[in-house]
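K.L.:
Take the given structure of chain A and dock chain B to it, following the hints.
Number of protein chains: 2
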Amino acid sequence: MRITAIRDVVAPIKSAIRNAYIDFSQMTASVVGIAADRGAPGAAGGRPIVGFGFNSNGRYAAQGLLRERFIPRLLAAPPESLLDEKGLIDPAKCWAAMMANEKPGGHGERSVAVGVLDMALWDLRAKAEGVPLWKLLADRYNDGKADPHAWVYAAGGYYYPGKSLKDLRDEMRHYRDLGYRAVKMKIGGSGLADDLARIEAALDVVGEGRFLAVDANGRFDLETALAYAKAIAPFDLCWFEEPVDPLDYLLHAVLAQRYPGALAAGENLFSMQDARNLLRHGGLRADRDVLQFDPALSYGLVEYLRTVEMVEAQGWSRRRLVPHGGHQFALNIAIGLGLGGNESYPLVFKPFGGFADTQRVEEGRIAPHTSPGIGFELKNDLYTVMKIIGEAVLAPDGPRGG
Amino acid sequence: MRITAIRDVVAPIKSAIRNAYIDFSQMTASVVGIAADRGAPGAAGGRPIVGFGFNSNGRYAAQGLLRERFIPRLLAAPPESLLDEKGLIDPAKCWAAMMANEKPGGHGERSVAVGVLDMALWDLRAKAEGVPLWKLLADRYNDGKADPHAWVYAAGGYYYPGKSLKDLRDEMRHYRDLGYRAVKMKIGGSGLADDLARIEAALDVVGEGRFLAVDANGRFDLETALAYAKAIAPFDLCWFEEPVDPLDYLLHAVLAQRYPGALAAGENLFSMQDARNLLRHGGLRADRDVLQFDPALSYGLVEYLRTVEMVEAQGWSRRRLVPHGGHQFALNIAIGLGLGGNESYPLVFKPFGGFADTQRVEEGRIAPHTSPGIGFELKNDLYTVMKIIGEAVLAPDGPRGG
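Residue numbers (this note's numbering), protein chains in the order written: chain A, 69 to 470; chain B, 69 to 470.
Here chain A stands alone, though its shape is the one from the complex (with noise of 0.2 angstroms):
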């Protein structure tokens, strides 16, 4: 088996959303493609399979890393260099192929050049071994023990000019419509008196403060995260989100001896290293916060396995994981790790957000796909993108990488 050509495009999912911390009008992800002939014994003879991988949001798209760096050293690796003992392409093997020479440190943008071709890799062999991803993983990982659901909650509630505390409510109860029963909206990007009554108004669709959720996205310095965690406090939110930067771990140590409630944090930290900072310094609770560590923006699944191991050698259970993204790939992962259940974005970041179209929500939970690989040709709005890449990555006279 070896990887024949790669494809990358770059696709806009702005958006006239806004959060605390920045606009999504100009954000961008990279889509990929990998080619690889059928070489495993028993497959020799069928198709050219292809794998599919993408960025997450709120990082942007990553074509200069994918073509001055990684798509090259992952074409000029010898191809028996990334195989495992089946015959079958590994991702572990492509990562180290993909990170040589590059030193320790400064883990922002090639984690995301990364983690785009590791899921378009994990992508192509569940396809190779005919499974589901997240049979895959269980299979590997967890003694084969694969959930039955994820627990998902529909991410929203953004700032956009003109929206009404009506508009919030119906956008709260269209999630409840949907089968979700719990939501998260932003907060911080206007004033505390705004905000309260933006989470009131939530609060009277979604009816406990356990079915919402609250995101500052970093925003806040310490005292206006104070004053925050002081006003939501007798709410008992679902949890309070990136209060603070997310490298000030001082900062969160603070505020978790302040805020009885949940905290979630780690969506902006994008290796094992970071997050396991967050866990050393940040003074987080293992009884009840919530980590957000996202596979695509960190390096993929291969660092992310790192990164679980981590977590559970500090003392965390696996369940406080709910990766950040929304994404098939991140589901796939916490049905198939058992992880605490994972994001979703039923508005926005069309058309990589969201999952299946197989996959309904119910009551909250969602059951996993069943076709091969991470489940692309489920979802007709990405696939339609995806298929055009496909195409091209299998065109016979097409340059091997670009």
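For the record, the hints were derived by calculation from the structure and aren't laboratory data.
Some clues are possibly wrong.
Since the list can't tell identical chains apart, any single copy or any two copies may satisfy a pair.
[Said to hold, decoys possible] Pairs of lysine-lysine, DSS-like flavour, derived with a Cα cap of 25 angstroms:
hint : residue 1 : residue 2
1    : Lys-298   : Lys-161
2    : Lys-418   : Lys-171
3    : Lys-455   : Lys-154
4    : Lys-154   : Lys-203
5    : Lys-171   : Lys-231
6    : Lys-171   : Lys-82
P.N.:
Then chain B, alone, in the frame of chain A:
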């Protein structure tokens, strides 16, 4: 005053050298030129000015990121939004424009792209005022008190195929003949016994431990770091650099408890937040350890000024700061802000490493240059490259960016 055009190119700085973590056979650097007309009072009608920047070694060229995000944002900003009260281009305002819609955390790669442009903007600004950058910095940020010279040390002692102890001694002797007192060599790329023989060979030449620093490039685990620490402690070396992963603050703290000599760290931390975590959680000692944050890799001088402020707020002297990179930008900063000194690469990373041709090293120190800006025009091998970019960026019919 307004930016008229920006150009970037990728230059190879490849070399057969190797440290404990990577080889440099594929290393590249981005070089940019930013042209501006002279709109400042009293300067109207003069020739346009060009500021130059490049990225320091160890991280790769950032062409994709420059062209995808940071150059377009700078060119799209309203020209008057980039000026200060003097009517001159303000690197801090440019920084804010470049970093708009970037999420917090994930400080790598984009920190290089912004750093390259920031260097060019400071070169431009100092040229617009007709002063060397070190003078501008001393006047703005150091009560006018520039140092008369900076302590510099010669970084080398790399591994390369077939390099003998005699070769290493000859290399160190060459640095001493050039006027350096202190030198630095790599360790961790072969075994402890071999490295000890190499250290002793270098000490044969430089005489005293305080003239020899060693650099493990973040390669060691706890056990190896402690074994090296124990073995080299008797030499009382200048410093023991990057013993462990740059983000493993806990391991730094353990080592600082066990190793009596000076440790050096920070070249792979690329933001004020990461630097702050090293000081908060790394257990380093303000009376002896050395902080090597590289402004060119870390979002430039605008961010480095925040780092200097943070370092002092943590109770450290800025004399403990000795930037990584061996470039003229950091030399200007060291002299202007009164840091502890600067790295130098007499033999590698040409033409980016090294200082103005007019600047001689004497007794391990170097005096400042005298021309406006960073002084690139006084370094012939580097200016040969920059002149081409300078002509391209001033071409009347050229595009504004790219």
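K.L.:
Run every hint past the structure and note whether it holds.
P.N.:
Right, here's what the structure says about each hint:
1. Lys-298 x Lys-161: For Lys-298 and Lys-161, the Cα distance exceeds 25 angstroms both inside one copy (48 angstroms) and across copies (35 angstroms).
2. Lys-418 x Lys-171: Intra 35 angstroms, inter 20 angstroms, cutoff 25 angstroms: inter-copy only.
3. Lys-455 x Lys-154: neither (28 angstroms within a copy, 55 angstroms between copies)
4. Lys-154 x Lys-203: within (17 angstroms within a copy, 64 angstroms between copies)
5. Lys-171 x Lys-231: For Lys-171 and Lys-231, only the inter-copy Cα distance (23 angstroms) is at most 25 angstroms; the intra-copy one is 45 angstroms.
6. Lys-171 x Lys-82: Between copies, since 15 angstroms is at most 25 angstroms while 32 angstroms is not.
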